[in-house]
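Residue strings, one per chain:
Protein chains: 2
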Amino acid sequence: MSKLTTPPVPAPDAVPCCPPLDERPLTAAEAERTAVMFKALGDPVRLRLFSAVASHPGGEACVCDISDVGVSQPTVSHHLRKLREAGLLASERRGTWVYYRVEPSVLAAMGRLLTTSAP
Amino acid sequence: MSKLTTPPVPAPDAVPCCPPLDERPLTAAEAERTAVMFKALGDPVRLRLFSAVASHPGGEACVCDISDVGVSQPTVSHHLRKLREAGLLASERRGTWVYYRVEPSVLAAMGRLLTTSAP
DNA sequence: CGTCAACATAGACAGGCATCGAATCAGAGG
DNA sequence: CCTCTGATTCGATGCCTGTCTATGTTGACG
Numbered sequence: 074m075s076k077l078t079t080p081p082v083p084a085p086d087a088v089p090c091c092p093p094l095d096e097r098p099l100t101a102a103e104a105e106r107t108a109v110m111f112k113a114l115g116d117p118v119r120l121r122l123f124s125a126v127a128s129h130p131g132g133e134a135c136v137c138d139i140s141d142v143g144v145s146q147p148t149v150s151h152h153l154r155k156l157r158e159a160g161l162l163a164s165e166r167r168g169t170w171v172y173y174r175v176e177p178s179v180l181a182a183m184g185r186l187l188t189t190s191a192p
Numbered sequence: 074m075s076k077l078t079t080p081p082v083p084a085p086d087a088v089p090c091c092p093p094l095d096e097r098p099l100t101a102a103e104a105e106r107t108a109v110m111f112k113a114l115g116d117p118v119r120l121r122l123f124s125a126v127a128s129h130p131g132g133e134a135c136v137c138d139i140s141d142v143g144v145s146q147p148t149v150s151h152h153l154r155k156l157r158e159a160g161l162l163a164s165e166r167r168g169t170w171v172y173y174r175v176e177p178s179v180l181a182a183m184g185r186l187l188t189t190s191a192p
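These protein sequence lines are chains S and W, in that order.
Numbered per this note's numbering, the first sequence finishes at 192, counting up by one with no gaps.
Numbered per this note's numbering, the second sequence finishes at 192, counting up by one with no gaps.
Source of the hints: derived by calculation from the structure; they are not laboratory data.
A virtual CB, placed ideally from N, CA and C, is assigned to each residue, including glycine.
Where hints are given, some of them may not hold.
[Claimed, not checked] Simulated coverage check for chain S against chain W, where a stretch passes if three residues somewhere in it have a Cβ under 8 Å from a Cβ of chain W:
# : region
1 : 90-99
2 : 120-129
3 : 146-152
4 : 177-186
Assemble the whole structure, with the sequences as input and the hints as a guide.
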């Protein structure tokens, strides 16, 4: 089958969403969707993995480059999957290695959520 | 005792911290501290409570104004405590009511974490 | 004082989640 | 074809946490 760069995970949801948090109270549905992204960054290991990918030269990194975070390699894979399911990272296999990169629009959307409109 | 506006919770930690996530890989200690704040916003109920406080006129709200989020009153109190322990909210008792307000510096610090330096 | 309302705390329970070892899959190279 | 390395998936386990009911604390008001 033409299964080249198809994501092996079910849903790539958690698209950019919602106004700044101090503009209007979020609805239940908005909060549900937004919390997924914050929760994904709410783990120290995932935060280090995300930061490692985001700060890597070229904007992408293979798993072997960022696996040194103090947990087993399956656990690293598990956390990278979570970040991908939350829409924060995208992955692509090139030969032997799998490369992860940051989804830029989602990062900007999260930043906008925390940007206060009042001076 | 002189127990006026003293916070009844142990630690008010989770101060503003760390460079933007795409600048350098976070250390384990940095990630540990930063994850606390993201985890606090990683729950839909807490996100709605925080948004309700942040968007309230005057920048503060009493519990009775924001308690309509579909969970029991003790659960609301529990989540507000979590947000306070994470350093995102501050509370003050005035007469019968307790008012919560957003800790502005922390919000700005979180926004800076997600602000990419590259164009 | 006694009572009422607003919040907080305590304890219990269920579901979620981070972690690991073992097994499996996918390419590269002999 | 075999094997080695990189990475994901699987199943199990133990802790963390979100939720509730019940109770306690604090201040206002007769």
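Outcome of the hint check:
1. Residues of the region 90-99 of chain S with a Cβ under 8 Å from some Cβ of chain W number 6, which satisfies the need for three, so the listed coverage holds.
2. Only when three residues or more bring their CB closer than 8 Å to a CB of chain W does the claim for the region 120-129 of chain S stand; here the count is 7, and the claim holds.
3. Interface restraint, the region 146-152 of chain S with chain W: violated (0 residues with C-beta to C-beta distance below 8 Å; minimum three).
4. Under the rule that three or more residues need a Cβ within less than 8 Å of chain W, the assignment of the region 177-186 of chain S holds, with 5 such residues.
Figure legend: structure checked against the earlier numbered hints; the only hint not met is number 3.
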